[in-house]
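Asks: Letter by letter, the sequence shown follows residues 2 to 384 of the working numbering.
None of these hints come from the bench; they were simulated from the model. Computed from a predicted model, the values in this text were never measured in an experiment. Worth double-checking, as some hints may not be accurate.
Pair ranges (Cβ atoms, derived) [said to hold, decoys possible]:
| id | residue 1 | residue 2 | range |
| --- | --- | --- | --- |
| 1 | Gln350 | Glu28 | 39 to 45 Å |
| 2 | Leu369 | Glu159 | 24 to 30 Å |
| 3 | Ala44 | Lys124 | 25 to 31 Å |
Lysine-lysine pairs mimicking DSS-like chemistry, simulated, CA-CA at most 25 Å apart [stated by the list, open to error]:
| id | residue 1 | residue 2 |
| --- | --- | --- |
| 4 | Lys63 | Lys31 |
| 5 | Lys160 | Lys106 |
| 6 | Lys54 | Lys186 |
| 7 | Lys160 | Lys63 |
| 8 | Lys186 | Lys124 |
| 9 | Lys63 | Lys368 |
| 10 | Lys124 | Lys368 |
| 11 | Lys17 | Lys370 |
| 12 | Lys370 | Lys124 |
| 13 | Lys124 | Lys160 |
| 14 | Lys106 | Lys124 |
| 15 | Lys206 | Lys160 |
| 16 | Lys368 | Lys160 |
| 17 | Lys186 | Lys164 |
| 18 | Lys63 | Lys186 |
| 19 | Lys17 | Lys31 |
| 20 | Lys179 | Lys206 |
Each residue gets a CB set at the ideal place from its N, CA and C atoms; glycine is no exception.
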Amino acid sequence: MSAEYSELITRLEDFKERLGTLCEAVEVEKGLEQITELEGRMANPDFWNNNEKAQRVIRELKALRGVVVPLRDLSQNSADLLELAELAQEEGDDDSLADLNRECKSIAGEIDEVELRTTLNGKHDSCDAFMSIHAGAGGTESCDWASILSRMLERYCEKQRFKVRLVDRLEGEEAGIKSVTYNVKGDMAYGYLRSEMGVHRLVRKSPFDARNRRHTSFAAVNIIPEMPDADKEIELQESDLRIDTYRAGGAGGQHVNVTDSAVRITHVPTGIVVQCQNERSQHANRATAMKVLKSRIILLEESKREEELQEMYGEKGEIAFGSQIRSYVLEPFTLAKDRRTGHETGNVQAVLDGDLLPFVEAFLQWKLKGSKPRQSEADPEKD
2 MSAEYSELIT RLEDFKERLG TLCEAVEVEK GLEQITELEG RMANPDFWNN
52 NEKAQRVIRE LKALRGVVVP LRDLSQNSAD LLELAELAQE EGDDDSLADL
102 NRECKSIAGE IDEVELRTTL NGKHDSCDAF MSIHAGAGGT ESCDWASILS
152 RMLERYCEKQ RFKVRLVDRL EGEEAGIKSV TYNVKGDMAY GYLRSEMGVH
202 RLVRKSPFDA RNRRHTSFAA VNIIPEMPDA DKEIELQESD LRIDTYRAGG
252 AGGQHVNVTD SAVRITHVPT GIVVQCQNER SQHANRATAM KVLKSRIILL
302 EESKREEELQ EMYGEKGEIA FGSQIRSYVL EPFTLAKDRR TGHETGNVQA
352 VLDGDLLPFV EAFLQWKLKG SKPRQSEADP EKD
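Kindly generate the complete structure, drawing on both the sequences and the hints.
Replies: Structure representation (structure tokens):
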């Protein structure tokens, strides 16, 4: 049993080192002070006088509690467990080993989880998000692929316990969807979704091809943080906007509304187009569309989005081969592979059912290490 205790103690000492590094990086003591200060502000009787400001404080407090408090508690718990393990080893208490190993395994899982959360340190990672999927060239094939991607991302959001609300949907002419936009709300929603932005490529035998030939389809995913201060940060000139209204339509040509309640807004200087049809009125659709538009423009200005989009979509913004972030091959073998991080799995169906977290974790670690592009590799099944 002495060797097993030594192995356990070595693991717990490793936990202590990992947690110490994380606490230093996150500045736990400073974070705890911030939590106390924010809680004091919430206790003020006038706290809810300004609802927007109150919501910002609540979001900031929630983000801090999600990382700082677990780190503090984990550090204390792992230190206590290390002390107990050393004491049990000295006393030759073999009966406690199983319980200590169980506690060690539990702490290991919690450390992995909090390590992932510390990588969500982007400026907008704590924001809610707007998630759009657009079919590429290729007609019915690409529209069907866009629909599959939409389902995959919805399932992933469900697994993360995010709330997903439909904002706009344009059906394909024969099958699938041409485009769809969702509003996603939840803890660190944008942070957990931004890895999916870019072109996604599918290789499969087409269910729409009578000769059962293999086809390659493309669809693009766009993830935009919902910025609560967008209205204050940016003011758009009416002369820069082209606003069109049209009749909102649903699946099978059914009309959601018999009036021209749907809204499409084009920001002429940037060419950004946003549309919304799923709210109850034209006024509400316009408000949602403006919120998406302002968030996109702010993000464009902050991160020089033009260059990033060129890298993701190609110089002309083309949703096509050579620009994808991830490939999903169903024929003649099964493989889902991320071209940025190199992460891959043969269980493509699980990925399409929303099992995206391993890809998200790999992306966040890749970003943490500096986002260095991987060496170009032969792409699986160029078709």
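Asks: Given the hint that lysine 17 pairs with lysine 370, does the C-alpha gap stay at or below 25 Å?
Replies: Roughly 22 Å separates the two Cα atoms, so the pair holds.
Asks: Holds or violated: lysine 54 with lysine 186, Cα cutoff 25 Å?
Replies: Answer holds: lysine 54 to lysine 186 is near 18 Å, not above 25 Å.
Asks: Is lysine 106 within 25 Å of lysine 124, Cα to Cα?
Replies: With Cα atoms ~33 Å apart, lysine 106 and lysine 124 exceed 25 Å; violated.
Asks: For the pair supplied as a hint, lysine 124 and lysine 160, confirm whether the alpha-carbon distance does not exceed 25 Å.
Replies: Since the Cα atoms of lysine 124 and lysine 160 sit roughly 24 Å apart, the hinted pair holds (cutoff 25 Å).
Asks: Assess, step by step, whether the Cα of lysine 186 is no farther than 25 Å from the Cα of lysine 164, and give holds or violated.
Replies: 5 Å, holds
Asks: Is the straight-line distance between the alpha-carbon of lysine 179 and that of lysine 206 25 Å or less?
Replies: The hint holds at about 20 Å.
Asks: Within 24 to 30 Å: is that where the Cβ-Cβ distance between leucine 369 and glutamate 159 falls?
Replies: 26 Å, holds
Asks: Straight-line Cα separation of lysine 63 and lysine 31 no greater than 25 Å?
Replies: Satisfied, since the Cα-Cα distance of roughly 15 Å is no more than 25 Å.
Asks: Starting from lysine 370, check that the Cα of lysine 124 is at most 25 Å away, please.
Replies: 17 Å, holds
Asks: Quick one, are lysine 206 and lysine 160 close enough, alpha carbons at most 25 Å?
Replies: Violated: lysine 206 and lysine 160 sit about 29 Å apart, past 25 Å.
Asks: Are the Cα positions of lysine 63 and lysine 186 separated by 25 Å at most?
Replies: 14 Å, holds
Asks: CA of lysine 124 to CA of lysine 368, is that 25 Å or under?
Replies: Answer holds: lysine 124 to lysine 368 is near 14 Å, not above 25 Å.
Hints 14 and 15, counting from the list given before, are not met by this structure.
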